[in-house]
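Residue-level listing of the chains:
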Amino acid sequence: MEIIIKDEVKLGKTRSEQEQNLRKEWGPTITDEQLDKCKFLERKLKEKTGRTQNFLTPIELDKIE
Amino acid sequence: MTTFGDQVFQFGGEPVGGARFSSPWATPWFVDGVNGSDGTGRGKRPDRSLASIQAAVTAAKRGDVMYIRPKTYVVGTGFDRYVEDVTVPLATHDLSIIGVVNTLNPEFGVRWKHLTAQCLDNWAPALHVENIGFFAEDATYCVLLSDLAAGTKLGANGSTFYKCVFKGANFQVLSGGTGVTIERCKFTPHSSGVVAQLNISCSAKLGRQFVVKWCDFLDAIGAVASGPYIAIAPPCTEVLIDHCTFGQLPTGGCYISAAGANYGQLSNCNFGVADMTKATGLVLGSIIATACYDGKVALID
Numbered sequence: 004m005e006i007i008i009k010d011e012v013k014l015g016k017t018r019s020e021q022e023q024n025l026r027k028e029w030g031p032t033i034t035d036e037q038l039d040k041c042k043f044l045e046r047k048l049k050e051k052t053g054r055t056q057n058f059l060t061p062i063e064l065d066k067i068e
Numbered sequence: 090m091t092t093f094g095d096q097v098f099q100f101g102g103e104p105v106g107g108a109r110f111s112s113p114w115a116t117p118w119f120v121d122g123v124n125g126s127d128g129t130g131r132g133k134r135p136d137r138s139l140a141s142i143q144a145a146v147t148a149a150k151r152g153d154v155m156y157i158r159p160k161t162y163v164v165g166t167g168f169d170r171y172v173e174d175v176t177v178p179l180a181t182h183d184l185s186i187i188g189v190v191n192t193l194n195p196e197f198g199v200r201w202k203h204l205t206a207q208c209l210d211n212w213a214p215a216l217h218v219e220n221i222g223f224f225a226e227d228a229t230y231c232v233l234l235s236d237l238a239a240g241t242k243l244g245a246n247g248s249t250f251y252k253c254v255f256k257g258a259n260f261q262v263l264s265g266g267t268g269v270t271i272e273r274c275k276f277t278p279h280s281s282g283v284v285a286q287l288n289i290s291c292s293a294k295l296g297r298q299f300v301v302k303w304c305d306f307l308d309a310i311g312a313v314a315s316g317p318y319i320a321i322a323p324p325c326t327e328v329l330i331d332h333c334t335f336g337q338l339p340t341g342g343c344y345i346s347a348a349g350a351n352y353g354q355l356s357n358c359n360f361g362v363a364d365m366t367k368a369t370g371l372v373l374g375s376i377i378a379t380a381c382y383d384g385k386v387a388l389i390d
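Respectively, the protein sequence lines represent chains A and B.
Take 4 as the starting number for the first sequence in this note's numbering and just add one per residue.
Take 90 as the starting number for the second sequence in this note's numbering and just add one per residue.
Hints are supplied without guarantee of correctness; some may be wrong.
[What the hints assert, rightly or not] The calculated label-pair distances, taken between Cβ atoms and stated as ranges, are:
hint	chain 1	residue 1	chain 2	residue 2	range
1	A	Gly-30	B	Ala-380	37 to 43 Å
2	B	Ala-348	A	Glu-20	46 to 52 Å
3	A	Lys-27	B	Thr-129	24 to 30 Å
4	B	Gln-354	A	Lys-13	39 to 45 Å
5	A	Gly-53	B	Gly-384	26 to 32 Å
6	B	Thr-147	A	Lys-27	24 to 30 Å
7	B	Ile-310	A	Asp-39	25 to 31 Å
8	B	Ala-380	A	Glu-50	48 to 54 Å
9	A	Glu-20	B	Gly-384	28 to 34 Å
10	B	Gly-128	A	Glu-50	40 to 46 Å
FYI, nobody ran anything at the bench for these hints, they're computed from the structure.
Where a beta carbon is used, it is the ideal one built from N, C-alpha and C, also for glycine.
Using the sequences and the accompanying hints, generate a full structural model.
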């Protein structure tokens with residue numbers, strides 16, 4: 004049986020996934036450079052902690068040099 | 090503090106694992122003041138968005154993320170405003186409120202005006218706000234972080250504001266709290282010259298770890314600025330005010346008023362006065378000042 008979840012958008016489990024999907028609908032919330040940093044930091048988080056769901060803010064992203 | 094050999098930095102705290110994690114059940118909420126409408130069952134899709142910020146806050150649970158779309162741009166007055174007094178309740182902690190903005194200036198994006206008292210009254214820990222232009226001329230406050238010793242309101246614990254504009258009234262912390270971070274924000278005054286002050290009141294409860302970085306505290310359009318731009322009522326410890334720019338000399342000559350048992354550091358800031366008198370310009374209690382400059386491009390001493 005196929006379960007259909009109505010009235011809900013699975014925008015993404017991470018900030019970068021949400022950002023990329025949001026851009027298709029409404030527009031950006033962070034810059035392209037911050038999005039690149041976001042993907043980088045999410046990869047590092049996954050390697051270090053194993054967590055695949057997180058929500059980073061630009062405050063963290065701006066600290067990547 | 091460097092936490093990785095590959096240049097991942099984080100200020101204080103644990104290494105990079107200390108970033109915000111949404112709960113696995115986190116839900117994105119969508120607010121569109123033009124095309125949305127408030128009602129049961131709405132808000133979880135962009136094409137079935139809510140119309141008001143409060144409706145989304147009320148529907149949201151802890152750890153959720155809210156995206157807000159700018160209203161229509163009007164020639165002559167700019168983007169239409171959301172006009173609401175929004176309260177974030179204690180149970181809705183870890184909430185993120187994020188404006189969708191196509192420019193680097195949040196004033197050209199989601200604009201949020203108070204209805205009666207203040208735009209936002211936050212009672213919840215770890216609120217995160219991005220890309221919002223708050224407008225609060227003649228309001229009580231622009232943003233209020235309510236924090237009570239009884240623990241019934243904890244809005245000044247771990248809340249963060251990024252790339253927001255606070256215009257026309259104070260950003261108020263009442264009282265104390267821990268770990269509020271305000272980064273890359275702009276404080277602009279009431280058109281009369283009354284500054285939008287960052288006011289951290291800790292007289293009723295200890296404040297700790299307030300971080301204010303890369304913020305601009307601007308003066309009015311030709312009107313004399315009231316002061317001070319930042320006021321801290323003790324006791325407050327581990328304050329960090331870093332890389333901020335301050336406008337013209339305010340009335341009374343005081344940019345930062347933090348007399349008494351306040352501790353921390355003011356560093357790498359610029360002040361828009363030709364020659365600062367440190368004794369009146371920076372009343373810092375036990376906060377130390379390093380590498381700060383006035384209009385002479387001279388180290389303040």
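Structure-based check of all given hints:
1. For A:Gly-30 and B:Ala-380, the hinted distance range of 37 to 43 Å is satisfied, since their beta carbons lie about 38 Å from each other.
2. Taking 46 to 52 Å as the suggested C-beta distance range, the pair B:Ala-348 and A:Glu-20 conforms, at roughly 48 Å.
3. Checked against the given bound of 24 to 30 Å, the beta carbons of A:Lys-27 and B:Thr-129, roughly 27 Å apart, stay inside it.
4. With their beta carbons about 44 Å apart, B:Gln-354 and A:Lys-13 fall inside the hinted range of 39 to 45 Å.
5. Checked against the hint of 26 to 32 Å, the C-beta distance between A:Gly-53 and B:Gly-384 comes to roughly 52 Å, which is inconsistent with it.
6. In this structure the hint that B:Thr-147 and A:Lys-27 lie 24 to 30 Å apart at CB holds, the actual value being about 27 Å.
7. Taking the beta carbon of each, B:Ile-310 and A:Asp-39 are about 38 Å apart, not inside 25 to 31 Å as hinted.
8. Taken as a hint, the range 48 to 54 Å is violated for the pair B:Ala-380 and A:Glu-50, whose Cβ atoms sit roughly 36 Å apart.
9. Checked against the hint of 28 to 34 Å, the C-beta distance between A:Glu-20 and B:Gly-384 comes to roughly 47 Å, which is inconsistent with it.
10. A C-beta distance of roughly 43 Å is found between B:Gly-128 and A:Glu-50, which places it inside the suggested range of 40 to 46 Å.
The structure fails to meet hints 5, 7, 8, 9 from the earlier list, while all remaining hints are met.
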